[in-house]
Amino acid sequence: MKKIISVLVTVFMMILLNLNVFAFENESYYDVPELKGTSINVYNWGEYISEEDSEEDGLIDVNAAFEELTGIHVNYTNFASNEDLYAKLKSGGASYDVIVPSDYMVSRLIAEGLVQKIYPQELPNYKYVSEEYRGMYFDEKDEYSVAYSVGMVGLIYNREMVDEIPTSWSALWDPKYAGKILMFDNPRDSFAIAQKLLGQSLNTTDQVEWQAAADQLIAQKNFLQGYVMDETYNKMEAGEAALAPYYVGDFVCMQEVNPDLDFVYPSEGVNIFVDSVCVPTNAQNPEAAKLYINFLLDPEVAMANAYAIGYATPNTGALESEDYAEMAENKYLYPDIAPDTEYFHDQDDITRNTMNELWNTVKASGENSVSLYIAYGVTALIIGGFLIYRTALKKYRESFYDA
Amino acid sequence: MNKDSLMKKIISAPYYLWAAMFIIVPLILVVYYAFTDVNGNFTLDYIKTLGSYRYIFLRSIWYGFLATVISLVIAYPLAYIMAKSSASVQRMMVMIVMLPMWMNFLIRTYSWMTILEDTGIINSMLSALGLPQVHIINTAGAVILGMVYNYLPYMILPLYTVMSKMNNSLIEAAEDLGASKMTVLSKVILPLSLPGVASGFTMVFVPSVSTFYISKKLGGGTFAMIGDVIEMQFQTSYNYNLGATLSLVLMILIILSMAIMNRFTDDDDGGVLI
Amino acid sequence: MIKKKMPLASKLYMALIIFFLYAPIFVLFLYSFNSSESTSVFAGFSLRWYKTLLNDTESIKALYNTLILAVASSAVSTVMGTAAAVGIHSVKNKWIKSTAMTVTNIPMMNPEIVTGISMMLLFVFVGRLVGIVNVLGFWTMLIAHVTFNLPYVILSVMPKLKQIDRNLPEAAMDLGCTPIKAFIKVILPGIMPGVISGMIMAFTLSLDDFVISYFTTGPSFQTLPIRIFSMTKKRVTPDMYALSTIIFAVVFILLVLVNVAQNRNENKEKGVGK
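Chains as they are written, first to last, in our numbering: chain S, 1 to 403; chain Z, 1 to 274; chain V, 1 to 274.
Any given hint could be a false lead.
No farther apart than 27 Å at their CA atoms in a straight line, the calculated lysine-lysine pairs in the DSS-like style are these [what the hints assert, rightly or not]:
| no. | chain 1 | residue 1 | chain 2 | residue 2 |
| --- | --- | --- | --- | --- |
| 1 | Z | K3 | V | K94 |
| 2 | Z | K187 | S | K394 |
| 3 | Z | K165 | S | K90 |
| 4 | V | K185 | Z | K9 |
| 5 | V | K268 | Z | K8 |
| 6 | Z | K165 | V | K268 |
| 7 | V | K234 | Z | K8 |
| 8 | V | K11 | Z | K165 |
| 9 | V | K11 | Z | K181 |
| 10 | V | K92 | Z | K3 |
| 11 | V | K181 | Z | K9 |
| 12 | Z | K165 | V | K162 |
| 13 | V | K97 | Z | K8 |
| 14 | S | K331 | V | K234 |
| 15 | V | K185 | Z | K3 |
| 16 | Z | K8 | V | K92 |
| 17 | Z | K3 | V | K181 |
| 18 | Z | K3 | V | K162 |
| 19 | Z | K84 | V | K268 |
| 20 | V | K160 | S | K221 |
| 21 | Z | K9 | V | K160 |
| 22 | Z | K187 | V | K11 |
| 23 | V | K61 | S | K290 |
| 24 | V | K234 | S | K90 |
| 25 | V | K162 | Z | K8 |
| 26 | V | K11 | V | K97 |
| 27 | Z | K8 | V | K11 |
| 28 | Z | K3 | V | K97 |
Please keep in mind that the hints were generated in silico from the structure rather than gathered at the bench.
Put together the whole structure using the sequences plus the hints.
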């Protein structure tokens with residue numbers, strides 16, 4: 001009897017090792033013969049999916065698993081901001097099948113007809129999307145988008161480098177930490193912090209308010225180490241900077257490398273965002289894209305993604321998964337007392353232009369052009385003097401030949 | 001003979017066609033985009049906004065110029081030493097200089113961040129030796145250092161090529177005629193190496209002025225160069241027209257700089273040799 | 001020839017420059033053995049990232065794409081460029097000749113970013129006219145790479161053509177060769193060194209190109225520099241360092257072998273001479 005059991009266990013182990021360990025719901029759904037051998041272009045944020053290097057933690061390599069399950073090849077590329085994504089879509093040079101814009105960009109893409117209706121309710125796994133994240137303000141009828149991940153902006157600080165725990169965005173304006181402060185290198189996120197500090201709405205259309213926020217940012221510039229985006233990772237992990245505003249999920253990853261880092265949601269309020277999966281209008285393979293989206297909603301896959309990227313998940317299946325229990329208790333991702341949050345809304349052209357122009361002013365402020373002009377003047381003098389000297393010398397020499 | 005030249009015309013025809021389609025037409029498109037708006041109507045609006053980019057242009061050219069001059073100062077003695085050494089050392093040195101170019105420049109620049117940061121390698125070494133820290137990263141110095149590092153081989157190689165072909169007997173003749181070492185350098189070696197200086201200057205100056213990655217990584221986003229602004233118009237702001245306008249101006253400025261540079265070297269041609 | 005010993009100062013100077021050129025490469029070599037995920041904090045030695053690299057199908061595919069593109073673009077540009085050089089060389093009209101050479105020089109003199117955006121404008125423009133939504137991909141990258149490779153091929157073949165005695169092919173034809181045969185038997189062997197060095201240059205440039213690829217790439221075809229760039233926007237994992245280290249090692253070994261072979265040949269020739 002013992003022998004039989006051990007044989008059975010061995011066989012079972014072998015099956016486990018050889019076959020796919022992960023079981024997905026409704027696997028027959030993905031068995032679409034006419035889509036086998038086709039490919040889809042997936043355009044996502046960087047490090048925003050469970051990839052091969054997550055396999056060490058026992059997580060699925062999502063794209064590889066999808067390819068194996070469906071026979072559809074995934075061309076996976078990354079973008080760095082919503083605006084990059086928009087520019088790529090608008091250019092018309094490339095077509096994508098699956099994209100992951102944030103809330104305000106979803107409404108802009110819908111308004112400009114750049115994404116198509118996918119009727120997510122028809123997807124078998126849509127049932128796992130938490131009620132809270134259905135019919136969001138940017139897609140009230142639930143036609144275009146499926147929530148993928150939820151995050152908030154907060155303040156990362158290095159416990160060893162600050163005197164007291166910061167609770168307000170004003171810490172980023174504290175002269176004590178001059179040269180140790182980082183700031184977002186994109187207008188919307190940077191302005192959002194100044195706006196919260198000034199008690200404005202993130203979606204204000206008042207030019208005076210925007211100007212005030214810009215002045216606030218200019219006042220900060222002297223204390224800054226730099227305007228960065230993803231360089232924040234290395235700079236905070238290495239203790240290069242003491243304070244940086246960033247997205248909570250990325251903080252969770254940074255803290256794994258440097259345990260001295262901590263995170264706070266400042267009392268003035270923060271920006272919250274929902275990144276949602278959409279299908280562009282000019283997608284070449286929309287049917288395969290829907291399979292992919294359904295796959296992303298599978299509890300096993302959603303759990304792996306949520307775990308790997310460190311953001312809060314809108315997927316109830318993942319939240320209830322045992323493997324996710326540790327993360328589900330993470331006080332940064334799922335804080336007990338919800339911070340005061342506000343979503344970005346798409347801006348009208350005038351506001352967007354105002355913001356971009358003011359951002360250019362902020363970035364160019366404090367630069368001393370006088371020294372540059374002097375440098376140019378001196379160089380021109382040297383070059384000119386040299387040329388004159390040469391010409392004079394030549395003339396002087398030629399005078400001997402003439403004689 | 002007629003048949004021969006006909007054949008030569010035919011085999012070079014694909015190239016002429018290619019050059020017209022992929023060199024000339026794209027440049028015409030840049031001009032077209034610079035003078036039209038989003039709807040394709042003629043406009044001078046983008047040309048008018050150039051004033052606000054004045055500072056970035058000036059800075060880019062200045063940094064590029066500094067990087068080029070520093071490269072020249074560093075590379076000149078090295079090229080001279082290389083040209084003077086034995087054949088096997090020469091070959092080895094050419095290899096050593098070229099080898100880094102086979103590694104992706106993005107990743108090499110990225111690695112400079114690790115070296116230059118306040119908690120980076122240089123500063124850890126300094127503090128281990130009990131010396132004061134130096135702040136390099138996110139300064140103009142770091143950006144220029146990045147340019148010098150990336151484009152130094154483009155300065156060394158043309159200089160070395162010219163110097164290795166230099167006729168040694170000219171130098172010896174000058175020495176025999178009683179010229180001091182300084183005189184030999186300024187009256188013989190320098191003028192003879194000018195073609196190398198000119199091509200090295202071009203090969204370092206052009207990419208330095210238009211770079212868009214180095215400034216971002218080593219300058220911490222506070223030293224935007226014109227390349228960064230152009231890249232942003234195409235990849236983030238979706239403003240092709242402004243991007244094309246800025247590119248057009250960049251192109252014109254570089255042509256102007258090259259013209260000044262050429263004047264400088266042409267003027268010396270022959271004149272000094274006498 | 002009298003062999004002079006290199007002065008100590010020269011040796012020191014050379015060592016200093018080599019140190020400067022290789023410092024970041026050494027750093028990434030070091031961090032490729034890092035046991036933690038950081039590229040700025042060294043936690044301990046491990047081969048973890050080399051293992052990760054083996055499973056990183058995307059990066060390996062990108063490397064493969066890079067090689068394919070480099071081989072294809074250098075082959076196309078070598079054939080077209082050599083033919084073009086022969087054609088341009090045979091042109092008698094000075095004006096046409098100098099125009100052809102000026103156009104040829106454009107991609108070399110123009111900042112890379114301008115070449116990149118001008119090609120992107122062309123592809124996007126044509127794509128819109130024809131109504132293709134995913135025009136950017138392998139073919140656009142190939143066109144772009146061939147375009148920036150061509151001048152290097154032409155400029156390295158040109159000088160060799162000038163060295164060939166004009167009478168030689170004529171003599172061959174007088175003796176009954178067809179123009180094509182004369183070209184293959186007489187001209188081609190003469191310009192072969194130029195063709196080969198042009199091809200190597202094209203291959204190298206294409207392999208390492210980032211800026212122009214960046215503007216002409218599409219989602220279905222990623223090269224290694226593009227992948228590294230999209231990673232440096234987030235966080236470069238040390239497996240990219242591992243990959244760079246491997247590439248570096250391979251190139252280094254190849255170059256050393258070539259160098260040794262050359263040295264041996266030279267010694268042999270010297271031996272015969274004595």
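### Hints breached by this structure
3, 5, 7, 20, 26 and 27
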